[in-house]
Every structure is written in structure tokens, then in C-alpha cells.
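Q: Here is how the chains run, residue by residue.
There are 2 protein chains.
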Amino acid sequence: MKLEDLVYQIRKKKSFLCVGLDTDLNKIPKQFLQLEDPIFEFNKAIIEATQKFCVAYKPNIAFYEAYGLKGWLSLEKTINYLNENYPEQFTIADAKRGDIGNTSTRYAKAFFEELEFDSITIAPYMGKDSVEPFLEFKDKHTILLALTSNAGSVDFQTKSFEHQELYKEVLSVSKTYDNAERLMYVVGATKAEFLKQIREIVPNSFLLVPGVGAQGGSLEEVCKYGMTDNVGLLVNSSRGIIYASSGTDFAQAAADKAKELQEQMATFLN
Amino acid sequence: MKLEDLVYQIRKKKSFLCVGLDTDLNKIPKQFLQLEDPIFEFNKAIIEATQKFCVAYKPNIAFYEAYGLKGWLSLEKTINYLNENYPEQFTIADAKRGDIGNTSTRYAKAFFEELEFDSITIAPYMGKDSVEPFLEFKDKHTILLALTSNAGSVDFQTKSFEHQELYKEVLSVSKTYDNAERLMYVVGATKAEFLKQIREIVPNSFLLVPGVGAQGGSLEEVCKYGMTDNVGLLVNSSRGIIYASSGTDFAQAAADKAKELQEQMATFLN
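Listed in order, the protein sequences are those of chains C and P. Numbering-wise (the UniProt record's numbering), the first sequence opens with residue 1 and increments by one. Numbering-wise (the UniProt record's numbering), the second sequence opens with residue 1 and increments by one.
If we strip away everything but chain C, and leave its shape as in the complex, we get (with noise of 0.2 angstroms):
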């Protein structure tokens, strides 16, 4: 998908809410258990009830994976039935991969081309060459880890080097990697006093934020530092949205919760 388009959809549908699909057997409607493949027939009904309030869903990768070739298959199944029932939204395979060039070509390709997906998380730590291949690919977008949500970011990426953290290091260098037009950035919400800063270096860069509901993080915070002329921002929620029931009105509490974050965002947008 091009960024362009990405915009579009923004702006028509006043949103830029991305929702997580972190799909897991012990947290969805028991009702789902019993039929063939319980994690795409949630994600369906997911999708369905969430997508005229979002422009954007993102399979957390490891999900499907603790299932083996089942979570594969499951996957495989939900990116084609949004590929081919809601090829506007955004696609994002948060997999935060990054190997050496060979490798990241490989899962450039799993992603890119074996999956059909618009974009992908990758971890900077490996540089330059492992960034690189994921880049080659004409509109395909590259989400490099800059400021993670979590408690463990403070481990590495806030800490200085001579000149900046560690975090403002990673958004420098890979401005300067080939195709650089092509990355995003993750930025969590829970640092959304450091978005100010993130500008500085990144003035257009879409940026994918975690961390707004559970993690505490404020959308208006967020948008204040962060937003663009293009809006510039996707913010995702997962559990927050997927899980907001876990009764046989899940469908219409996903719905409820995800028109309330557009409803929001809405506001900021105009």
C-alpha cells in the first residue's frame, strides 16, 4: 500500500486506530473453541466488527506461532481473508525480526511476498544491512523499533551515548539508509513526552504507538507531540478492543470500544 493511500483512509474514515489481533485461544469466547480454526473465526468476527472504526490491524506474529503450523495456517487465513475483503487497511506483521542480509531477505520475503503484508516490526540492533533488505521492497513499509513501550526500554534505549540515546541514534542512522522513505518508527504512547524530541529527527515519519489504554499511554498527549500534516501516526490498541468482552457480546464490545477510540481520535483530527 502506498503512504498515500494509508492518508486517505485516515482522513475519510477519522481515524488512524490500528487494531492488535494478539488472538489467544485462553482469552477468546469459549463458543469459538469448537469450531476448526477457533483463531480465524474470532479474527473474522473481529475484523468485522471492528474495520469501519480502524485503518489498520496488526497480527502480533508470536500468537500464531505458539501454535505451530495451526497458528501458521490461522495466520495465513486472516491476512488473505483482509487482503481480499478490506484491501484499504494497513497490514501490519508485528514479527520484530532483523538478521544479517541474507536472512532478513528471507523474512522479507515471508512477509512481503508469501504473506501479503503491507508492512513489518523489525529490531534495529543488527544495523544497516539488516534493515536494508526489508526497504527494497517498492510499497512495503519498514516499522523499525525506536522507544518501546515496555518496562525494559530503559536497558539500552534511553541510555546516552556520547551524543544522544540510544533510541535517537537509531532514528539518525536509519535516516540515512537506502530507501529510508520506506520506514516507520514504533514509538510508545507511555513516552509521549519524548515524542517532541522524536520530531526533531523524524518531522514525517509515520509512527506506530503502543501503549494508549492499558499501558496508561494518553491519546491527546500523544497527538499533541506526534501528529503530522499527514497525520503521521497509527495508534494501536489491542487488548483493550479485542478482548473488551470475553462473553458471546464480544463482537459488539470490540465494536463499541474501537468506534470509541476513532470517536476520539475524530477530534484531534479536525
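Don't take each hint at face value.
One copy or two, it doesn't matter: identical chains are merged, so the pair holds either way.
Claimed, not checked - Calculated lysine to aspartate or glutamate pairs in the DMTMM-like style (CA-CA distance at most 20 angstroms, straight line):
no. : residue 1 : residue 2
1   : Lys30     : Asp249
2   : Lys175    : Glu200
3   : Lys109    : Glu162
4   : Lys70     : Asp178
5   : Lys2      : Asp178
6   : Lys70     : Glu114
7   : Lys109    : Asp24
8   : Lys259    : Glu114
9   : Lys70     : Glu116
10  : Lys77     : Glu116
11  : Lys159    : Asp129
12  : Lys14     : Asp256
13  : Lys159    : Asp37
14  : Lys138    : Asp5
15  : Lys128    : Glu165
16  : Lys12     : Glu132
17  : Lys140    : Glu48
18  : Lys196    : Glu165
19  : Lys109    : Asp22
20  : Lys70     : Glu41
21  : Lys140    : Glu84
22  : Lys70     : Asp37
23  : Lys30     : Glu132
In short, the hints are calculated from the structure, not lab data.
Based on the hints, put chain P in the right spot on chain C.
A: Using the frame of chain C, we list chain P on its own:
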């Protein structure tokens, strides 16, 4: 597998060789392409040819994911084949995963329980709570990327914080994690001169060392600076062994290459 069992195998076989299974349909001998599962059949042949000379196998997960469901099936058959026929081999899922806590737990289950690998490679960028979920598994080992062998390692890893370089910070900080005795580290052989300083921080940990051979690292240097009383080294070779020949003699060529490396290793073990 317990560490002492790995050390026992190293002593017994006089080898600390790890064979990397980066199996690529474009590179394996053509006769395999007519079989139902060429990747698994090739792996099986390589394992049979090399198992006497090595103590570990390392499937590079990207190469399997790139083929989608079929690739995961080949991976599952490969790890099952190893566990059933050669349980004395230490198995490494070269997956370079790492995510927030509940997601890392999922990856740990995928590779330690679903696929029953002995160990997995992990990227440290997200810090403590992204690593510790892997460390909760008894007799399983987590191999943290410290100093990798690729060009991009200079982007961040070898840059200095106020006190020390990032890769040293990764070593120092990760030592404080819960169950840190289950940690190993990736250290590229092309950086052998760094091993002396690395051993000052982690004197006893096992190091997984790629980059000997094809990438130009010296086995002698690696042993000189990196070997401990318990050996503390696994040296990986992938392409150098499994693609030693692309003809019908590929298995013999792989065996010869593995034997050659094993014999070199034996001289450093005496």
C-alpha cells in the same frame, strides 16, 4: 539439555562445531526438488553426514518461514528428527526474536515447547522484560545477540555509551537478569580481538560464534581469546558445510568439511 551434557559432548567428540541449516531451495542439489519435502530430506542427509563431527545444529528460522506453511512443516520435521535420532545434539532456533513480556512468553512456548529446541537466539533491544520470559524455562538456553558479525554491527553495537560500548552494556546488564545462568551470547568471529574484553565481563558464558570461514574469522583467534575451562564456545558454519558441493557428492563434501573443522577444533581442545 543441561550445559554439562553439552560440555560432555564437546569433550567426547573433540568438537564445538555447530552446523547451520540455512536450507535454500535454490542452493540444494537438484535431485531433492522432486521429493515431497526437499528441505527436510536435504537436512536429513546433511545431519547424517555431519553428526559425528558436530555437537549442535542451528536451523535459521527465516529460511523456513520464507516458504510459509510448508517451511514450518519442514522445520518441525527437522527438529523432531534431531530430537528422536540425535538427542545428544544441542539445537538452536536461530530466530532472533524479542518482544514485550506476554509476547516473548509466546515465542518461548513456540520454540521451547511446541518445537522443543534447546535454545533460541534473541535480540536484546527491548531489554529485561523481553528476555526474562525465555529464561524461565529450565534446561533451555537463551542466546542474546551481543556483537554480531555483519557490517551493520557498527551502526549501534560498537558505539560508546558514556562508560562502554552498547554490546558491553548488553553483556553487563543482562548478567543481572533473573536466571541469567541460562544466557549465552552471539559474538561474531570477525571480531575475535574483542573476545578478550568480552571474557572480562562474561568469563564463563557459552558464546555462539558465527563468521568463521566464509566471513573470514579465525578459529585460532577465537579459541585463544574466547575459550574457557568448560570450552564455552560453539562455532557455527552454515554455507561452508551444507553447500560445500552442489553436486551428487554434497553429503560427502559436507562431511569432509565438518570433519576438517572438527579436527582443527580438536587441536585447540588438547
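Q: Evaluate each hint against the coordinates.
A: Hints and how they fare:
Only within a single protomer do Lys30 and Asp249 lie at most 20 angstroms apart by alpha-carbon distance; the minimum there is 12 angstroms, versus 54 angstroms between protomers. With identical chains, the CA atoms of Lys175 and Glu200 are at most 20 angstroms apart within one copy only, with a shortest distance of 12 angstroms there and 35 angstroms across copies. Proximity of Lys109 and Glu162 under a CA criterion of 20 angstroms is satisfied in neither setting, with 37 angstroms inside one chain copy and 39 angstroms between copies. In this assembly of identical chains, the alpha carbons of Lys70 and Asp178 never lie at most 20 angstroms apart, being 37 angstroms within a copy and 32 angstroms across copies at closest.
Only within a single protomer do Lys2 and Asp178 lie at most 20 angstroms apart by alpha-carbon distance; the minimum there is 18 angstroms, versus 44 angstroms between protomers. In this assembly of identical chains, the alpha carbons of Lys70 and Glu114 lie at most 20 angstroms apart whether taken from the same copy (17 angstroms) or from different copies (11 angstroms). With identical chains, the CA atoms of Lys109 and Asp24 are at most 20 angstroms apart between copies only, with a shortest distance of 13 angstroms across copies and 26 angstroms within one. Within a single copy, Lys259 and Glu114 get their C-alpha atoms no closer than 32 angstroms, and across copies no closer than 37 angstroms, so neither meets the 20 angstroms cut-off.
Taking identical chains as interchangeable, the C-alpha atoms of Lys70 and Glu116 lie at most 20 angstroms apart whether they share a chain (19 angstroms) or sit on different chains (16 angstroms). Proximity of Lys77 to Glu116 under the C-alpha cut-off of 20 angstroms is restricted to the intra-copy arrangement: shortest distance 11 angstroms within a copy versus 26 angstroms between copies. Taking the closest pair of Cα atoms, Lys159 and Asp129 come within 20 angstroms of each other only across two copies (16 angstroms); inside a single copy the shortest separation is 24 angstroms, beyond that limit. For the identical chains of this complex, Lys14 and Asp256 are intra-copy neighbours only, at 16 angstroms inside a copy versus 64 angstroms across copies, given an alpha-carbon limit of 20 angstroms.
In this assembly of identical chains, the alpha carbons of Lys159 and Asp37 never lie at most 20 angstroms apart, being 44 angstroms within a copy and 47 angstroms across copies at closest. In this homomeric assembly, Lys138 and Asp5 come within 20 angstroms of each other (Cα to Cα) only inside a single copy, at 14 angstroms, whereas the closest approach across copies is 48 angstroms. With identical chains, the CA atoms of Lys128 and Glu165 are at most 20 angstroms apart both within one copy (18 angstroms) and between copies (18 angstroms). Taking identical chains as interchangeable, the C-alpha atoms of Lys12 and Glu132 are never at most 20 angstroms apart, the minima being 32 angstroms within one chain and 42 angstroms between chains.
Taking the shortest Cα distances, Lys140 and Glu48 never come within 20 angstroms of each other, neither inside one copy (25 angstroms) nor across copies (41 angstroms). Taking identical chains as interchangeable, the C-alpha atoms of Lys196 and Glu165 lie at most 20 angstroms apart only when both belong to the same chain, with a minimum of 14 angstroms there against 27 angstroms between chains. For a Cα distance limit of 20 angstroms, the shortest separation of Lys109 from Asp22 across copies, 15 angstroms, qualifies, whereas the shortest one inside one copy, 23 angstroms, does not. For the identical chains of this complex, Lys70 and Glu41 are intra-copy neighbours only, at 13 angstroms inside a copy versus 22 angstroms across copies, given an alpha-carbon limit of 20 angstroms.
Proximity of Lys140 and Glu84 under a CA criterion of 20 angstroms is satisfied intra-copy only: 18 angstroms inside one chain copy versus 41 angstroms between copies. When the C-alpha separation of Lys70 and Asp37 is checked against a cutoff of 20 angstroms, the pair qualifies both within a copy, at 8 angstroms, and between copies, at 18 angstroms. With identical chains, the CA atoms of Lys30 and Glu132 are never at most 20 angstroms apart, being 43 angstroms at best within one copy and 31 angstroms at best between copies.
Checked against the numbered hints above, the structure breaks hints 3, 4, 8, 13, 16, 17, 23 and satisfies the rest.
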